[in-house]
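Asker: Chains as they are written, first to last, in the numbering used here: chain X, 1 to 142; chain H, 1 to 142; chain R, 1 to 142; chain Y, 1 to 142.
In case anyone wonders, no lab produced these hints; they're calculated from the structure. Check before you lean on any hint, since a few could be wrong.
Stated by the list, open to error - Just so you have them, the derived chain H footprint on chain X, three or more residues with Cβ under 8 Å:
(1) 12–21
(2) 33–40
(3) 45–55
Here a beta-carbon is modelled for each residue, glycine too, at the ideal position from N, C-alpha and C.
4 protein chains.
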Amino acid sequence: MASFTFRRQLTVGWGQCDPAGIVFNSRLFEIFDTGTWQLFEAALGVKPHELANAFGISGIPLVDVRANFLRPIKFGDVVDMASRVSEFRRSSFDVEHRLSVGGELAVEGNETRVWVSRSKDDPEKIGGTAIPDDVIAKFESA
Amino acid sequence: MASFTFRRQLTVGWGQCDPAGIVFNSRLFEIFDTGTWQLFEAALGVKPHELANAFGISGIPLVDVRANFLRPIKFGDVVDMASRVSEFRRSSFDVEHRLSVGGELAVEGNETRVWVSRSKDDPEKIGGTAIPDDVIAKFESA
Amino acid sequence: MASFTFRRQLTVGWGQCDPAGIVFNSRLFEIFDTGTWQLFEAALGVKPHELANAFGISGIPLVDVRANFLRPIKFGDVVDMASRVSEFRRSSFDVEHRLSVGGELAVEGNETRVWVSRSKDDPEKIGGTAIPDDVIAKFESA
Amino acid sequence: MASFTFRRQLTVGWGQCDPAGIVFNSRLFEIFDTGTWQLFEAALGVKPHELANAFGISGIPLVDVRANFLRPIKFGDVVDMASRVSEFRRSSFDVEHRLSVGGELAVEGNETRVWVSRSKDDPEKIGGTAIPDDVIAKFESA
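Chain X extracted, bound-state conformation (with noise of 0.2 Å):
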């Protein structure tokens, strides 16, 4: 079964680009935050900012986190980006977004997060927890 891939467009700004003129490298790291939660925002229909009280959790912080940088993306270009959950394990997923510009993949990135609730015995401690049936369901597409 397909996974639901949330795709946008994007163009590059100014401020984005170093001497080069192409992307700095922490720049697609935001890039691909903003796509997990626009992602999770379009297939379970809850905004970023709500997501934690949504489902009760802490949040899904990232535990791991790989960029590949196939051709330079420069001020300017229009970039098609492809983000989908590309594995749920118990309580962790993995989050594969794909960059291209004119067709041509420009950058790979895949994320490690984790579904975080505070502990009910001692609230200071947070940790790994199930992420509900309903919640994977919502991201599987015929």
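On the provided structure of chain X, position chains H, R and Y as indicated by the hints.
Answerer: Using the frame of chain X, we list chains H, R and Y on its own:
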């Protein structure tokens, strides 16, 4: 005569906010910068990365910028932004950005930029040059 | 009586610069912000993340900020920065930042911030409160 | 033979942190980037903005980067960072960054970069070129 106003809507992302949950001030200057590029694209029909070549200039560098923070803008807020040139002078101009949330003005920004080209005598030197009349005319709207 | 001045030196990094090879304007507001926190730490002997608790305040939010760009600051430039409170008022104050490269003033920044605490009657509300005299005294130097 | 390790200490600023009060992930990639430039400066005695000219290259672009977040790094945390080249290959190399707080490893980063120059036949094309032996030798320490 009224000045052409570019309007866009943006939603505040997690990574733009500080530990108080509000947009970190430096992020607003990125938002102003993008607003100016988009205003020029909308008024002149020239993409940001083609602006310099299209008009034979080096760029439109910022020489002065000011922001007033009237109300905090928070994670998830939907911001209505209006950008317009408030004054054209011979070789410099002012851009005014107004950001509102729920109809209430939250942030005002004012940029002063210069229309800059390379000296014909010494290409190492750049300086302000006269803004073409037809550029200015395109920012005037009935 | 002269105001206590905090001085630091910083070197401009690749990721702070735009395609023109100069510091992107929003980055300077981060540099001002850090300068203010470090000025307060140097004057008061309190670390930035302990400032709110140490003085029973919510923070020192920015309400107005302005920058003048006199000369471009480039990748690799060594910047001498001097930060000082230029004026204390009852519940607000101004911080002036001066950034020089090779002895030439390149950027001037001026922040206005408020000494803010929660209302005793309604902890949801925050507002300006009187800056303690002994705080102000620590910024005065012979 | 051990690889030369560059160590620096940094304190996490307000503007680097997100609404959870911890360093926003993209900021760590800026910190890695600065760490690599400083490592090269320390090993080779060449300032970052002079590196390309000093070695007749276009730069050392990033092609792959990964980060593991083991513990959150918070506003005010004092971070000990150690950066070293973990492997040199013919025209590419890996840099490892380890960030610790209070002696506990908090973040690991791994960058892969390429030693890139312009083609002699077609200056529009750039590509990996052999890293000089004397560059590599300077990263080896007894």
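Asker: Confirm or reject each hint.
Answerer: Against the structure, the hints come out as follows:
Proximity of the stretch 12–21 of chain X to chain H, defined as three or more residues with a beta carbon under 8 Å from a beta carbon of that chain, is established by the 3 residues found. Counting residues of the stretch 33–40 of chain X whose C-beta lies closer than 8 Å to any C-beta of chain H gives 3; at least three are required, and the coverage claim holds. Residue count for the stretch 45–55 of chain X with a Cβ under 8 Å from a Cβ of chain H: 4. That meets the three needed, and the coverage hint holds.
When held up to the earlier numbered hints, the structure conflicts with none and fits them all.
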